[in-house]
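Visitor: Chain residues, written in single-letter form:
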Amino acid sequence: MERQDNVYQRLVVITGNYLGPAAERFIDRQIRGHLDKDPRTITKKDVALLLDWLRGSVSLLTDNERMVEEYIDQLRNLSTSGAKTSIER
Amino acid sequence: MLSVKLSPMRMFAILFVIVCVLSLALPPDPQSLRTFHLSPTEYRVVIVLLLIPEALLWYASFYAYAKLHEYARYLKGSKEHSAFQKISLGMGVLSYGLIVPSIVAAPLNYIAANHNGFRPTAAIINHYLTLLVALISFSILRGGSQELVGSGLKIKRGSLSGMRMFALFFIVLAVFYSYTTLHTRRFGGNPYYMGVFPVMVTIIIPYLYAWFEGMVSAYNLRLYSKYVKGFLYKQAFFQLSAGLVITILGFIFVQFITSTLGARTDKSLGFILLLIYLLLAVLITGLGLMAWGTKKLKRIEEV
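Protein chains in written order, with this note's numbering: chain A, -8 to 80; chain B, 2 to 304.
Since no wrong hints were added, every one of them can be taken at face value.
Below 30 Å or equal to it, Euclidean Cα-Cα: the simulated DSSO-like pairs (lysine-lysine) are: (1) K80/B - K35/A; (2) K230/B - K36/A; (3) K297/B - K6/B; (4) K77/B - K28/A; (5) K299/B - K35/A; (6) K227/B - K155/B; (7) K35/A - K230/B; (8) K35/A - K235/B.
Bear in mind the hints are in silico, worked out from the structure with no lab data behind them.
The shape of chain B in the complex, shown without the other chains:
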């Protein structure tokens, strides 16, 4: 039987074509046209304007994942192999998780546009799919980063100030996120189509847990990059970890914005586009840094 090996970059190309076809071929949602006062042509222009930076983000994400995947393969037999494999897997879930929900959302939103009764189901599936990606990817990344820190590294865990700052940041994020989500649910037309209790138990708590896992991964990676030996290795790993930290925090921010501000319709289209572009720029920087650092680490294994 003929088997075609689908590399991450090939998968990106296939998925991107599917997104483009679905986004441009399906007729626009009349409710969105009314909300943003757009004609169908203007709507498609906006879709293209959004697809360009998104394509850049997806490309950067799959490229970084491909590099991490290749690097993890070089480490076979070493004590860091399993940790890097998990980090690469977590990054893979994150990369696929960026593009697959867009593919799933397009037909669901199309059905919802034609059958108003389906709108809550479509919204709930879209919300849970994004949540699932965050939960799975950040948990795997946390596992990998934890393993890396535990791979025979001598770490001084005396610094409580770092942990205090981490705790304070997370508390502020949690309180602000809970308040904004519940406020949006009450005054923003209930974009979750659920009661307060289900929103708290199935949206807020799982998101906060996923973000906590993501932030712990970022913390572990910084710790490893601080204490790992080897001047050249440290330099390369610093770039990889800095990129991963920016990427993880960027993703948390994107999810935070999309599940709070993104659900509100009282913001202007220009404001939403500006915010999206800003976040995408941060994420692309993080992913680029990550790919650059991984390439340097890979080079060490090649010479």
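With the rest of the complex left out, here is chain A:
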């Protein structure tokens, strides 16, 4: 089983490709606000629960729907498989 801290790190790395240095703060806020959890204890199952919230939040920052879907697809991959996403590699 993958370490929880690793899931968190990968979530931040993927988000970092869109939100740069603000990614960690953004992810921490989303996890605390919507899941009421310590961000570093997030699991793949939690990522799946967070997807819609993240889609909604990122949609508020850009009108580029393709980019939002690309971001959500990468997170979905993270939540369903252990394989690294193309952007992480």
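Following the hints, complete the assembly by docking chain B onto the known chain A.
Guide: Frame of chain A; chain B shown alone:
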């Protein structure tokens, strides 16, 4: 004890009212009336014509500062916090530095108009106050931008052509500024009321140093915006940095013009007004872009 928190926008409103009262209530300087062939009423019309775009500039400047100040507060605990705090502080000094010298200059010029012997003192205080603002604000901005570039960013420093262009631009600016200032001192009635050596040591060198700091800040911000990760963050930071770069270069240009051309009385009033309006338009564009970019960055921290 009752404490009232003075936000940047409230401070702008207070300072603006003080400037308006001082500019319109104090009687005009007879020497200025003679120089520009104006009646006291025409002089006040010119003051109002200048106050309108200046008020826009001050408003844009305080608005951009307020946004940067709010954004820096969101970053508490992050590694960029200290850098943005310094950038916000530098912008604050620049904003206050735009309006406070006008407040200080009004009574000084009034005293000088009535006591001719005080004219050199008033001019020297006005010159040094503007210089001090440039020195402090650009140094703080340079410190903040340097910190930002050093905040874990992977930067390729291989490009020498950018540095060469920067050096060439600064050399041209320095030579042209030194020549114009000394030429104005010699043939333009010595607006600095000082000898060549004091002008070189206390006006030219400090101004060039301040502008160098300002240009290094602009260079650092462009560098950060080029190498920072995150598509949406990059987009927002690009607007902020482009705005800051235009603002810094605009301020350098304003100071350059006011300390060279502005000190000369052989230029027509129309020409001076046109130049001022042009520079104010450039500065307002830069400040607007900066505020827009900062709002976008702030939004990322709010969702």
